[in-house]
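Asks: Line by line, the protein sequences are chains Y and V. Taking numbering that gives the first Met the number 0 as reference, the numbering of the first sequence is continuous, increasing by one, and the terminal residue is 664. Taking numbering that gives the first Met the number 0 as reference, the numbering of the second sequence is continuous, increasing by one, and the terminal residue is 664.
Derived from the structure by calculation, the hints contain no laboratory data. For each residue, glycine too, the CB sits at the ideal point set by N, CA and C. Heads up, a few of these hints could be off.
[Unchecked claim] Chain V is faced by these chain Y residues, among others (derived, beta-carbon under 7 Å): (1) L502; (2) P516; (3) S545.
[What the hints assert, rightly or not] Each computed DSS-like pair below joins lysine-lysine, with the alpha-carbon atoms no more than 30 Å apart: (4) V:K149 x V:K369; (5) V:K612 x Y:K612; (6) V:K258 x V:K431; (7) V:K90 x V:K612; (8) Y:K612 x V:K503; (9) Y:K503 x Y:K369; (10) V:K258 x V:K436; (11) V:K436 x Y:K506; (12) V:K612 x V:K506; (13) V:K506 x Y:K612; (14) Y:K369 x V:K612; (15) Y:K503 x Y:K258; (16) Y:K149 x Y:K369; (17) Y:K506 x Y:K612; (18) Y:K90 x Y:K436; (19) Y:K90 x Y:K431; (20) Y:K503 x V:K90; (21) V:K90 x V:K436; (22) Y:K612 x V:K431; (23) Y:K258 x Y:K431; (24) V:K258 x V:K90.
Residues per chain, in single letters:
Number of protein chains: 2
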Amino acid sequence: MPDVMGTLGRLVMGRPTGEFAPRAKPSPLRIRIALPLLAPDALSSVAYAPDEILLTLAAAGLIGVSFSAWVGLAIAAVMAVVIASYRQTIKEYPEGGGDYAVAKENLGPLAGGLVGGAAMVDSLLTVAVSVSCGAQYLAAIIPPVEDHTKAVAIALVALITLASLRGLRALDNTVVVAVYAFIGALGLTALVGGIEILTGTLGPSPADGLEVIPGPAFERGLTGLAGAFLVLRAFSSGAVALAGVQTISTGVRRFRDPKPRNASRSLAILGVACAGLLIGTLLLADLTGAIFVANPAQELRYTSGAPVPTDFHQDPVWAQIAQTVFAGAPPVYVLVTALVGFLLILAASSAFRWVPALMSMLAQDEFLPKQFYRRSDRRVAAHGIVTLGAGSAALIAVMGPSVTRLIQLYIVGVFLSFTISQLGMLRHWNAKLPLAKTTAERRRMAGARAVNALGLVLTAVALVIVVITKFTHGAWISLGLVAGAFWMMVSVRRHYRRVDGELKLPKGGDRTDLGLPSRVHGIVLVSAMNRATARALAYARATRPSSLEALTVAVDMARVWELRRAWDRANVPVTLRVLDSPSREITRPLIDYVTTLRRRAPRDMVVLYIPEKVVRHWWERWLHNRSAARLTSRLRHVRGVVVATVPWQLDPSDAAAANPRETGQ
Amino acid sequence: MPDVMGTLGRLVMGRPTGEFAPRAKPSPLRIRIALPLLAPDALSSVAYAPDEILLTLAAAGLIGVSFSAWVGLAIAAVMAVVIASYRQTIKEYPEGGGDYAVAKENLGPLAGGLVGGAAMVDSLLTVAVSVSCGAQYLAAIIPPVEDHTKAVAIALVALITLASLRGLRALDNTVVVAVYAFIGALGLTALVGGIEILTGTLGPSPADGLEVIPGPAFERGLTGLAGAFLVLRAFSSGAVALAGVQTISTGVRRFRDPKPRNASRSLAILGVACAGLLIGTLLLADLTGAIFVANPAQELRYTSGAPVPTDFHQDPVWAQIAQTVFAGAPPVYVLVTALVGFLLILAASSAFRWVPALMSMLAQDEFLPKQFYRRSDRRVAAHGIVTLGAGSAALIAVMGPSVTRLIQLYIVGVFLSFTISQLGMLRHWNAKLPLAKTTAERRRMAGARAVNALGLVLTAVALVIVVITKFTHGAWISLGLVAGAFWMMVSVRRHYRRVDGELKLPKGGDRTDLGLPSRVHGIVLVSAMNRATARALAYARATRPSSLEALTVAVDMARVWELRRAWDRANVPVTLRVLDSPSREITRPLIDYVTTLRRRAPRDMVVLYIPEKVVRHWWERWLHNRSAARLTSRLRHVRGVVVATVPWQLDPSDAAAANPRETGQ
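With these hints in hand, go ahead and build the complete structure from the sequences.
Replies: And the structure:
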């Protein structure tokens, strides 16, 4: 089977890029390269957060929407505290383990496992959300995409998965350029939009002539409990803007020395950029008259009172802003919208970068199968990458390419990780504070602890708000997924622990396992007298076992006689024993024979030499060694038996040259 | 992987019945049991042949349909000759190889391969046709089935496949009873129908008030070239009635002694039954006024001239006959129709009986992978059974559950086998005739040869008619499938031939392969110091290699240091060599090391001892031995290297008892 995988792999994955080459180690990067490389995750979440805030508040009509800037400010405040907290994490964990390392080291492996499980689920959702949103921006500039956003989103996931299998490092330059272009494009839009607003030359908004119909509960605006709950829901939707800020804390190693300082500085820059982007977007959306609702057909009407058509198309917020600002220059509008969409798709690809690293950390702590530790091994990485691609494609297929529905799932995991990580940092400082030597040091630590404590309070409150306001909207799905991932990881770890315990060498006296078997009984498995058999016999004899015999199973008596004659002709100095098999079975008589041998002399060891034909093409495997494979798999369970396969390499080209007549039919 | 299959297998297949038990050998049977056991194939094809004759002739309207008895007589005549021919085959090949043995022994292995390929394709079509027709009979008594015949047919195939995986011998009694019940039911219908016709008390036919619209080419009846061609098409469709008569020639061994005589007598009885059934059905259909057309909506109209509704439902011929005859006793009608349907479904299951036998014969001649030879091995048989089930389900899915369309494909393979088999018998007699000692013997042989020659001419003519009249109707598909199967089988045989040639021991002088390697260098692969490693070390030392070393790959330096300390503590009398691996890879450094060793001393042999953890559950395999599996698969291609796996059986229950604390998290 591995070779089938290999062949398929070569077909699908093509030639590997540098990423999976042996001894590849990334060189440290300047801030101006490293920051944009790690930024798409955080920036992309800020690109779709405003849509979600506006959409939630739209339930309360125009009065609700006017409240959006305040929600944005609250989110920016939480973001500032979270970023300050992560700057502490970077300084204390410059190795870059991120939330996982913080949780594991301060709260124990189970907390680490929980963060790991949440991160695995969030990786699926990052991809699903970013790609779905990217597909919406594509639809804004390529109208035919609109009717097939689901198919387009799944196709994009497939494309990113294939690219990841080849190695994403080739995309590094693209990512850096795309991030600067994204920032530049949005900055330009804000600048031009500002000038147009001041000079009163703003173009018509695509939402001109539309108005939001307030929901039945909000006909008198944001009042009472329902109003407060709506604001909280808007907050918890918009809080998705915080997703991705932790990426820098896991990538500290990519920065130049002094790594922690550079990473910390980068995080501050990123925080300012994100907060500015969030507030800026909400203000611009308000000033340009952008409107974004969940169900246009139900929640919008023309100011004339007429309902909007059921197939009404609504672009995402940045597409609406760009359309208004660049009403006179459609190519610029297309360019800006395309850049936002492209950044979103790149953000999806960044999950494919950090998932193998995460799996490697989890595997090192035995939460995942050990082979995932070696993430530079392309075949190992491929398992994680394909699982991520398939999982997120499945999420899109099931939940539709609806950004709003996917975000309900996404946000829970994000804040779960934040909260556990902040709790870990608090315990970290509590443990470290008594060890402080100078007053200055103690004061610095106490300050840092205060930052993390504030972070903990804010993220915990946000988590509670998220779970309460989103539970029926899908948060239960992601809590279930996280619990499932956690259970699987804990089971794997428990299995490894049990095996380790079982395999532990006894201390002191009882060293039976190290004792040598008294005798070695060699058996060569024979089905015909040929070169492969001859080699197996020669090798078995070379190991000088205490006794050696050849064994064949009599499935077809004619062949047994033929074998006997050939055996005598070849003058083999080994006895040939024939096992009877009335049922034509091969495995059972052999197993029975070996078991009997073992029972008679339990201190002896049996070595079974099996000649194996090594074929050139994977499909030829189906034609050879099937009985041997089955026998080997069954014999594993018989104690004291070693199976030695003696390969004979078949070489069709050589054979064809040597015996041209025999190769034809 | 085999264990995953095993677990799935146990889930799906349940406990095996006697068929796959070791040493199971069927006891010989009396004619009255053996004949019905082997008859469903032949009887079922006679059950749907009349429908096809009527359907084809319906293109020429009522005049065409009235011609059906003549077509039936022509088919019965061919059947008589074919049955006489197969009686010769049974006498000459009492071992029961059937068409395959006849073709192989008289016309060479390639002809055998062609017959084998045709038989494999026909097995798919037997199942597809019988089940589709069975579903039609079900629809005649359970109306809701009508709208889902395709789904019902596929479900029936799945059911038969599952039953076959458990072993079909449990159904033997059912088959015998069903065949007698089928014959009895049809005989009763004919008897009651005859009395009703004579007494003028026949009930109303479901086709009363309907008439067939003649096709545009046949408005003046069966005249000219088009008429002749239509009659030929009807003949070639109805010739499907012959399918299955050869089954008895492959099952001679199931009869009591004297086997050939009993089998031959059974074949004669079967022939009379089939011919009588065919003619009887066509006569009864004519007398009861049954009408059967391909497209009721286009080809039928009410005698009033009004068109029939587009969703007009048309029952198969025997359902129509039974409905007319038992118009006053609906339960009898339901019973008769159900028995016909049940026999059709049993006929499908009979293909599942003979396919493993056919594959075993083909495998013995190296046309198929060798493992298929052991057909009593349930896992091996399962591959053939599942392939047959999936293939015929796919055929039904693609071609619809349309009996008519499937028969176009089926009939080609049937007559291809007949013709090759008759040609083989002719050559058989030509070769044997000169060896006849007495005149009586020579006369007997000449007579037999004449029968086979007549059989050859008739089946060859029928084959030509079939290919010509059916080519565009689907015969090209089955010719393509047969060609594909033939090509695959010839490729497999060529591969085995080539390998045999390559492995042949050189005659005389050059005996290098039998020469012993000069030295044995043992290597124990180590990743941690534990009991599995200790056992591998002990076993490696017990084989007393010329030199022995332990080898580990440094993926993680901390673990290497830990291993070194444990190594020293355990006082292992073997040197531990550490291979550097900056890229964290395991396989490559090891392969490089072994290759270097081999290059330095090409006459030496390297034995690599790999400790293997044997797990209890299939999913646990994913957690262990992955690197070892990959290494083993790569090392196969390095000459002079033997891989010996030293298993350590993990036993979770034992471990839990020994170290209760260590098993928990």
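Asks: So which of the earlier hints does this model not fit?
Replies: 3, 4, 7, 11, 12, 15, 16, 17, 20, 22
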